[in-house]
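Trainee: So the sequences go chain by chain: A and B.
Residue numbering for the first sequence follows the UniProt record's numbering, beginning at 1 and increasing consecutively.
Residue numbering for the second sequence follows the UniProt record's numbering, beginning at 1 and increasing consecutively.
Just so you know, not all the hints are guaranteed correct.
[To be verified] Below, a list of computed lysine-lysine pairs in the DSSO-like style, where the Cα atoms sit at most 30 Å apart:
1. K21(A) <-> K227(A)
2. K108(A) <-> K174(B)
3. K113(A) <-> K174(B)
4. K129(A) <-> K253(B)
5. K174(B) <-> K70(A)
Simulated from the structure, these hints should not be mistaken for laboratory data.
What you are looking at is a predicted structure, and each value in this text was computed from that prediction instead of being measured.
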Amino acid sequence: MAELEIRDLEMSYDKHHQILKDLNLQIKDGELVSILGPSGCGKTTTLRIIAGLLPQTGGQVLVDGTDVSKLPVHKRQFGMVFQSYALFPHLTVFDNVAFGLKQRKVAKAEIQKQVSEILTITGLDALAKRFPAELSGGQQQRVSLARALVVNPRLLLLDEPLSNLDAKLRVSMREEIRRLQQRLQMTAMFVTHDQEECFAISDRVAVMNQGKIEQFDTPQNIYRAPKTVFVARFIGYENFLPVTSAQQGQYQVQGDTFQAAAAVPDATALTIRPDRIQLVTEPGANTVGGQVKSSTYLGNAYRYVVQTALGELKVDQVGFDRLADQTSVQLHLPQEALLALQA
Amino acid sequence: MLKANNKVLVTISAIVLFFLIAPLIMVIITAFGTDATIAFPIHGFTLHWFANVFAQPDFVAGFKMSLIIALAASLLALVIGVPLVYALTRYNVHHQAWFQTLFLSPTFIPEIVIGFALYQGLVITVQLPLLLTLLIGHFLLCLPYVVRLVTASMVLMDEHIEEAAWVYGSSRLKAFLTVTIPNIRASLVAAFMLCFINSFNNIPISLFLNGPDLSMLPTAILNYLQNNYDPTVSAISVLLMLFTAAMMLLVEKGLGLKALNEM
Numbered sequence: 001m002a003e004l005e006i007r008d009l010e011m012s013y014d015k016h017h018q019i020l021k022d023l024n025l026q027i028k029d030g031e032l033v034s035i036l037g038p039s040g041c042g043k044t045t046t047l048r049i050i051a052g053l054l055p056q057t058g059g060q061v062l063v064d065g066t067d068v069s070k071l072p073v074h075k076r077q078f079g080m081v082f083q084s085y086a087l088f089p090h091l092t093v094f095d096n097v098a099f100g101l102k103q104r105k106v107a108k109a110e111i112q113k114q115v116s117e118i119l120t121i122t123g124l125d126a127l128a129k130r131f132p133a134e135l136s137g138g139q140q141q142r143v144s145l146a147r148a149l150v151v152n153p154r155l156l157l158l159d160e161p162l163s164n165l166d167a168k169l170r171v172s173m174r175e176e177i178r179r180l181q182q183r184l185q186m187t188a189m190f191v192t193h194d195q196e197e198c199f200a201i202s203d204r205v206a207v208m209n210q211g212k213i214e215q216f217d218t219p220q221n222i223y224r225a226p227k228t229v230f231v232a233r234f235i236g237y238e239n240f241l242p243v244t245s246a247q248q249g250q251y252q253v254q255g256d257t258f259q260a261a262a263a264v265p266d267a268t269a270l271t272i273r274p275d276r277i278q279l280v281t282e283p284g285a286n287t288v289g290g291q292v293k294s295s296t297y298l299g300n301a302y303r304y305v306v307q308t309a310l311g312e313l314k315v316d317q318v319g320f321d322r323l324a325d326q327t328s329v330q331l332h333l334p335q336e337a338l339l340a341l342q343a
Numbered sequence: 001m002l003k004a005n006n007k008v009l010v011t012i013s014a015i016v017l018f019f020l021i022a023p024l025i026m027v028i029i030t031a032f033g034t035d036a037t038i039a040f041p042i043h044g045f046t047l048h049w050f051a052n053v054f055a056q057p058d059f060v061a062g063f064k065m066s067l068i069i070a071l072a073a074s075l076l077a078l079v080i081g082v083p084l085v086y087a088l089t090r091y092n093v094h095h096q097a098w099f100q101t102l103f104l105s106p107t108f109i110p111e112i113v114i115g116f117a118l119y120q121g122l123v124i125t126v127q128l129p130l131l132l133t134l135l136i137g138h139f140l141l142c143l144p145y146v147v148r149l150v151t152a153s154m155v156l157m158d159e160h161i162e163e164a165a166w167v168y169g170s171s172r173l174k175a176f177l178t179v180t181i182p183n184i185r186a187s188l189v190a191a192f193m194l195c196f197i198n199s200f201n202n203i204p205i206s207l208f209l210n211g212p213d214l215s216m217l218p219t220a221i222l223n224y225l226q227n228n229y230d231p232t233v234s235a236i237s238v239l240l241m242l243f244t245a246a247m248m249l250l251v252e253k254g255l256g257l258k259a260l261n262e263m
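Excised from the complex, chain A in its bound form (with noise of 0.2 Å):
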């Protein structure tokens, strides 16, 4: 149980190509954070890096205060989950999550109590004797946790760990993943693609794409206010009005003038949850003419797509009748429901 900072770190496979580029982050003691990106942004690399699995161009990655760059990777003692498994397959449950107490040379009758009880905590004792290629997928990356969890490393890593699961049972994964971090007490970095998975069990968020860091928040804020068009498009924001220009809180879209939550100077788009924009009968301020240019059943709501002078807008509606295509509407977007994004 440790705390993490990565400090400025930088990493070039070719020395052209940046993958990452003055990369911060802290983790503290006990908090679980994920890195959220979309494939290729550099999301996996930085954990490798801090694993110490690769060697990184510049930069620090310091433990408790120390700088463990230089540190192999055999010497961290940091526990690792890998996407595909990585279980040894010629030992058995057992064994495996043995591995690492046996690499410390911890005394026999200790490792036996020790796996014993992470076999129980994760559910795994009737397995104990079983060799991986007899297990699901889901066994497979229980005894993967275990191995990592039994070694208290001074650092988890997750590296999209449950990916290759089943959805129904991605779930359950994730919150056994969160209760043993929180059980144990563990500083965890967790790496992944699925942003629904990473807000379910994160204490705090980094929203990565191309090599940098575009938010570093707490779920709760990045859901309600992400500061970038990136973040927005990423978590699922779907409207964006380009912006042309801004001046406290007031925002040029086309000639328009749109008041949003807050004053974001260099701002370039604004945008909205189709569930926050309101069907109004009369123009007004912050509202948008337009016609209804389909509509489709979403079960809850109906989801139309309205043709406006600022360019489509998605608008979803609860309990109307359906409108028909082609039907005249004026959109209301509320000050406080409309955010100032930038680039």
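Given chain A, put chain B in place with the hints provided.
Mentor: Chain B alone, transformed into the frame defined by chain A:
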């Protein structure tokens, strides 16, 4: 899918089996014949030819030498080939494909050419000892089997498994020995078997690299056959069949033939 009782399939199988097994059976039978030349069918029964095998110093010495060279060349090919393949499959080596082809290239060159080239280049020009050159020749013969088989299993093995071993406290060398090797064991056994059998049977390379004091079993048999056409050759063929069968049995008992089938 073809059905098991498919007539064409059954017929072809029968023909193949016949051509494969019938000559072997004939060899076995002729080994026990009393005629002074190899004849089929035999007249009378004797074990004289088996005794005669052991009375031929060329055969006894040749067997020992072939065994030593086959073992040494196979082990050498593994000791050099496995780290080589490891480097090629786990590190970002420049011109990787080129190296792969290079190490497989002994397969593409006719063995008779390799034998002649080694004789001309190493024995005549560089004056290397014959035994050492012979070993080099058989090593070249073996290396492609190691490269092919071990590359296949290294590529199939998830490299994160080794990384996991490092993360949990194994140095690279220790992880290689305790995690990588056990997981590519099947291909190591298969490679060793193929190396051994191919080296032990080899004539073209050995033909150029033998001398008065250095005789290999296959070339000794060939020499013997040129001067004598008696059933001693049949008898030693039977002994070699038994020897090979015993080797396979040993591998099956010791490591499980499953290891070979997994390849």
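Trainee: Could you run down the list of hints and mark each one as holding or not?
Mentor: Do the hints match the structure? See the list:
no.: 1; hint: K21(A) <-> K227(A); in the structure: holds, 19 Å
no.: 2; hint: K108(A) <-> K174(B); in the structure: holds, 20 Å
no.: 3; hint: K113(A) <-> K174(B); in the structure: holds, 25 Å
no.: 4; hint: K129(A) <-> K253(B); in the structure: holds, 24 Å
no.: 5; hint: K174(B) <-> K70(A); in the structure: holds, 20 Å
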